[in-house]
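As you go down the protein sequences, you meet chains R and G in turn.
Residue numbering for the first sequence follows the numbering used here, beginning at 1 and increasing consecutively.
Residue numbering for the second sequence follows the numbering used here, beginning at 1 and increasing consecutively.
Treat the hints with caution; some may be incorrect.
Note that the list lumps identical chains together, so a pair holds whenever it fits in one copy or between two copies.
Restricting the straight-line Cα-Cα distance to at most 27 angstroms, the calculated cross-link-like pairs of lysine-lysine (DSSO-like) are [claimed, not checked]:
id : residue 1 : residue 2
1  : K90       : K207
2  : K194      : K122
3  : K7        : K325
4  : K263      : K7
5  : K161      : K252
6  : K252      : K317
7  : K7        : K310
8  : K42       : K122
Worth flagging that the hints you see were computed from the coordinates, not collected in a lab.
Residues per chain, in single letters:
2 protein chains.
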Amino acid sequence: MKVICSKENLLEGINIVQKAVSAKTTLPILEGILIEAGENIKLTSNDLEIGIECCVDADVREKGSIVLNARMFGEIIRRFPDAEVMIEVKENNNVVIECENSMFEIRGLDAEGFPALPTVEKNDGIKISQKKLKDMIRQTIFAVSMDENRPMLTGSLFEYKDGRFTIVSIDGYRLAMRCLDPEEEKDTENAERKLIIPGKTLNEIAKILQPVDDDLYIYAAGNQILFDMGNCIMTSRLLEGEYLNYMSIFPKDHETKIRVNTKELLSCFERASLVITSEERRYPVTLDISDDKMVITANTEAGNVREEMKVDMDGKKLEISFYHKFFIEALRVIDNEMIDVYFTTSLGPCTIKPLQGNDFAYLILPIRR
Amino acid sequence: MKVICSKENLLEGINIVQKAVSAKTTLPILEGILIEAGENIKLTSNDLEIGIECCVDADVREKGSIVLNARMFGEIIRRFPDAEVMIEVKENNNVVIECENSMFEIRGLDAEGFPALPTVEKNDGIKISQKKLKDMIRQTIFAVSMDENRPMLTGSLFEYKDGRFTIVSIDGYRLAMRCLDPEEEKDTENAERKLIIPGKTLNEIAKILQPVDDDLYIYAAGNQILFDMGNCIMTSRLLEGEYLNYMSIFPKDHETKIRVNTKELLSCFERASLVITSEERRYPVTLDISDDKMVITANTEAGNVREEMKVDMDGKKLEISFYHKFFIEALRVIDNEMIDVYFTTSLGPCTIKPLQGNDFAYLILPIRR
Numbered sequence: 001m002k003v004i005c006s007k008e009n010l011l012e013g014i015n016i017v018q019k020a021v022s023a024k025t026t027l028p029i030l031e032g033i034l035i036e037a038g039e040n041i042k043l044t045s046n047d048l049e050i051g052i053e054c055c056v057d058a059d060v061r062e063k064g065s066i067v068l069n070a071r072m073f074g075e076i077i078r079r080f081p082d083a084e085v086m087i088e089v090k091e092n093n094n095v096v097i098e099c100e101n102s103m104f105e106i107r108g109l110d111a112e113g114f115p116a117l118p119t120v121e122k123n124d125g126i127k128i129s130q131k132k133l134k135d136m137i138r139q140t141i142f143a144v145s146m147d148e149n150r151p152m153l154t155g156s157l158f159e160y161k162d163g164r165f166t167i168v169s170i171d172g173y174r175l176a177m178r179c180l181d182p183e184e185e186k187d188t189e190n191a192e193r194k195l196i197i198p199g200k201t202l203n204e205i206a207k208i209l210q211p212v213d214d215d216l217y218i219y220a221a222g223n224q225i226l227f228d229m230g231n232c233i234m235t236s237r238l239l240e241g242e243y244l245n246y247m248s249i250f251p252k253d254h255e256t257k258i259r260v261n262t263k264e265l266l267s268c269f270e271r272a273s274l275v276i277t278s279e280e281r282r283y284p285v286t287l288d289i290s291d292d293k294m295v296i297t298a299n300t301e302a303g304n305v306r307e308e309m310k311v312d313m314d315g316k317k318l319e320i321s322f323y324h325k326f327f328i329e330a331l332r333v334i335d336n337e338m339i340d341v342y343f344t345t346s347l348g349p350c351t352i353k354p355l356q357g358n359d360f361a362y363l364i365l366p367i368r369r
Numbered sequence: 001m002k003v004i005c006s007k008e009n010l011l012e013g014i015n016i017v018q019k020a021v022s023a024k025t026t027l028p029i030l031e032g033i034l035i036e037a038g039e040n041i042k043l044t045s046n047d048l049e050i051g052i053e054c055c056v057d058a059d060v061r062e063k064g065s066i067v068l069n070a071r072m073f074g075e076i077i078r079r080f081p082d083a084e085v086m087i088e089v090k091e092n093n094n095v096v097i098e099c100e101n102s103m104f105e106i107r108g109l110d111a112e113g114f115p116a117l118p119t120v121e122k123n124d125g126i127k128i129s130q131k132k133l134k135d136m137i138r139q140t141i142f143a144v145s146m147d148e149n150r151p152m153l154t155g156s157l158f159e160y161k162d163g164r165f166t167i168v169s170i171d172g173y174r175l176a177m178r179c180l181d182p183e184e185e186k187d188t189e190n191a192e193r194k195l196i197i198p199g200k201t202l203n204e205i206a207k208i209l210q211p212v213d214d215d216l217y218i219y220a221a222g223n224q225i226l227f228d229m230g231n232c233i234m235t236s237r238l239l240e241g242e243y244l245n246y247m248s249i250f251p252k253d254h255e256t257k258i259r260v261n262t263k264e265l266l267s268c269f270e271r272a273s274l275v276i277t278s279e280e281r282r283y284p285v286t287l288d289i290s291d292d293k294m295v296i297t298a299n300t301e302a303g304n305v306r307e308e309m310k311v312d313m314d315g316k317k318l319e320i321s322f323y324h325k326f327f328i329e330a331l332r333v334i335d336n337e338m339i340d341v342y343f344t345t346s347l348g349p350c351t352i353k354p355l356q357g358n359d360f361a362y363l364i365l366p367i368r369r
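Take the sequences, apply the hints, and build the full model.
In structure tokens, the structure reads:
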């Protein structure tokens with residue numbers, strides 16, 4: 001194998017595929033990046049859960065393939081000047097990498113031993129802009145459960161129905177839901193689809209996605225999903241089974257509703273949480289709502305805090321307590337300036353929604369004081 | 001005690017004094033910041049090695065003093081909106097902190113128990129610009145020794161002689177020296193002075209110093225040093241004893257001299273170091289200098305690297321090996337575009353100097369291959 005390509009393009013490809021390189025493994029080949037030179041060069045990584053493949057424009061002088069340690073390969077290319085890089089496989093898998101007056105010789109591994117990515121047929125894909133998917137993942141992933149006893153909840157539901165695309169995460173105490181309406185993406189030819197994507201996969205794909213309007217396609221077959229971003233694809237296993245019927249969790253009506261400024265409420269919760277030190281993490285933050293006023297208090301060994309906010313209020317007055325982290329994490333990802341918060345009783349769930357439409361909903365269970 | 005001051009000013013003061021708050025201590029009061037309200041308010045921290053005092057403009061309604069946990073106090077003020085903050089000490093050292101619609105009540109500690117900073121008379125000070133001192137520390141501190149068996153070398157020498165101010169660090173294998181000539185700072189009335197400042201103190205003062213031309217004054221008395229930055233001072237113990245006669249370490253002449261581009265040489269060393277993994281950290285990088293060309297090589301189990309550089313050369317050809325980190329750390333702090341490197345023999349020290357003048361000198365011992 002002998003290829004010549006620009007440092008910039010090569011590094012961009014390496015930075016993407018590095019996200020699926022195994023950090024800890026007993027198989028050295030999984031710490032590597034597979035380089036295949038055909039028409040162009042293709043970089044592949046595979047930690048046996050997630051796989052990434054990326055094409056890089058190159059001048060291929062001699063076809064072939066080799067596996068190089070991802071860390072070493074990445075560092076070498078990163079440190080090169082912005083110029084043409086030449087990679088050549090010599091005898092015994094020795095690889096020479098040259099750029100201007102620098103020359104490296106490192107040991108590669110035989111490409112034969114590299115595990116192939118699962119094949120997923122590109123049929124009946126879901127189309128969505130990279131930026132929108134990146135945002136939707138960021139706005140829901142924090143509510144994915146860490147509890148391996150309920151494996152289904154360690155992933156997020158991707159639901160596609162009548163052109164409406166929804167992501168839902170539930171950890172047993174809260175729910176995060178983000179939707180894209182068919183008004184935004186008119187593509188209703190697809191059949192209904194429900195996929196459960198592992199949280200780890202979502203974290204990695206969110207890092208790869210760029211905040212641009214370019215579309216990507218999501219395909220699924222068997223227990224595999226494929227994200228197709230054009231010259232770069234990512235595959236992952238899916239979680240198998242039936243996800244919770246999340247729509248049944250939302251309360252049908254409410255007793256109290258407030259309209260508040262998102263950032264202002266977030267600041268109040270963040271300050272209230274300062275007296276809740278890590279040893280006291282289950283101390284509640286209490287909301288006391290009456291007469292268009294909300295008083296937020298927390299009282300612990302470390303101190304007492306009291307915050308007062310003006311709110312637009314509908315319905316009954318209410319006193320209710322929450323675990324501060326659940327509110328803070330939801331409020332941090334909401335981009336809307338104002339939100340409506342719907343309460344049932346002091347023991348029932350509350351729901352955060354936009355003033356209009358149903359782009360998102362965050363449901364949080366209260367704490368019994 | 002009851003004071004009112006702006007959040008911005010108070011936070012600036014807290015951020016400075018927090019650098020001398022004990023991280024790990026069995027004395028809770030050392031995790032605190034002493035607040036004293038007189039004409040203005042004065043914040044003090046003291047970890048018994050370093051002490052910092054900072055004045056903050058305030059409207060003092062009632063004089064007094066209290067100690068507040070630095071982390072909690074800092075977090076509360078940081079999270080407040082940009083507005084007036086009121087701090088009031090109530091009964092039993094309970095402290096109320098208010099800002100707009102937020103109110104905290106936390107427990108303080110009696111100011112009586114807070115250890116006073118050592119007093120250092122402000123006589124015969126050394127004057128230097130904050131920016132210049134900050135730069136000089138950054139350019140020498142990496143060569144301070146970590147070896148507690150030679151306590152003197154765990155600090156840097158501050159030498160003041162005939163108006164020339166010099167900082168020197170030596171760790172037994174290398175030396176870093178940075179000077180300010182009397183041409184730059186004409187203040188020759190001071191007597192000769194030699195102070196050895198602990199590395200930890202230098203790290204902290206470098207963080208506090210701003211990259212501005214404002215002057216600070218350095219005073220010393222007994223085994224204490226005082227950095228006076230106007231509305232903020234820092235004290236520290238000094239290391240006691242006689243520092244090495246560093247001038248005697250520099251070779252009197254050289255056999256080989258090269259003139260090179262600093263960044264280019266740094267890049268070559270950084271790339272060469274890529275094959276020197278942590279397990280192989282004592283593998284050398286070898287320089288082969290002849291015919292206005294320098295070939296830089298490193299060969300380890302991880303791979304081989306070869307770099308070639310054009311250099312302006314004077315004197316004999318030479319092959320010499322170094323521990324890569326010593327060159328990299330020196331080259332990273334040199335702001336000059338070009339440098340001269342003087343070599344004696346392949347077993348003798350080399351010295352990096354500016355093309356003109358004697359603003360700096362970095363001496364590095366080679367490795368015997």
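Now the hints, each set against the structure:
In this assembly of identical chains, the alpha carbons of K90 and K207 never lie at most 27 angstroms apart, being 35 angstroms within a copy and 50 angstroms across copies at closest. Taking the shortest alpha-carbon separations for K194 and K122, only the intra-copy value of 17 angstroms comes in at or below 27 angstroms, while the best inter-copy value is 75 angstroms. Proximity of K7 to K325 under the C-alpha cut-off of 27 angstroms is restricted to the inter-copy arrangement: shortest distance 26 angstroms between copies versus 44 angstroms within a copy. Taking CA atoms no more than 27 angstroms apart as the test, K263 paired with K7 passes between copies only; the shortest distance there is 19 angstroms, against 43 angstroms inside one copy.
For the identical chains of this complex, K161 and K252 are intra-copy neighbours only, at 22 angstroms inside a copy versus 82 angstroms across copies, given an alpha-carbon limit of 27 angstroms. With identical chains, the CA atoms of K252 and K317 are at most 27 angstroms apart within one copy only, with a shortest distance of 19 angstroms there and 87 angstroms across copies. When the C-alpha separation of K7 and K310 is checked against a cutoff of 27 angstroms, the pair qualifies only between copies, where the shortest distance is 22 angstroms, while the shortest distance within a copy is 56 angstroms. For the homomeric pair K42 and K122, the shortest alpha-carbon distance inside one copy (19 angstroms) is at most 27 angstroms, but the shortest distance between copies (68 angstroms) is not.
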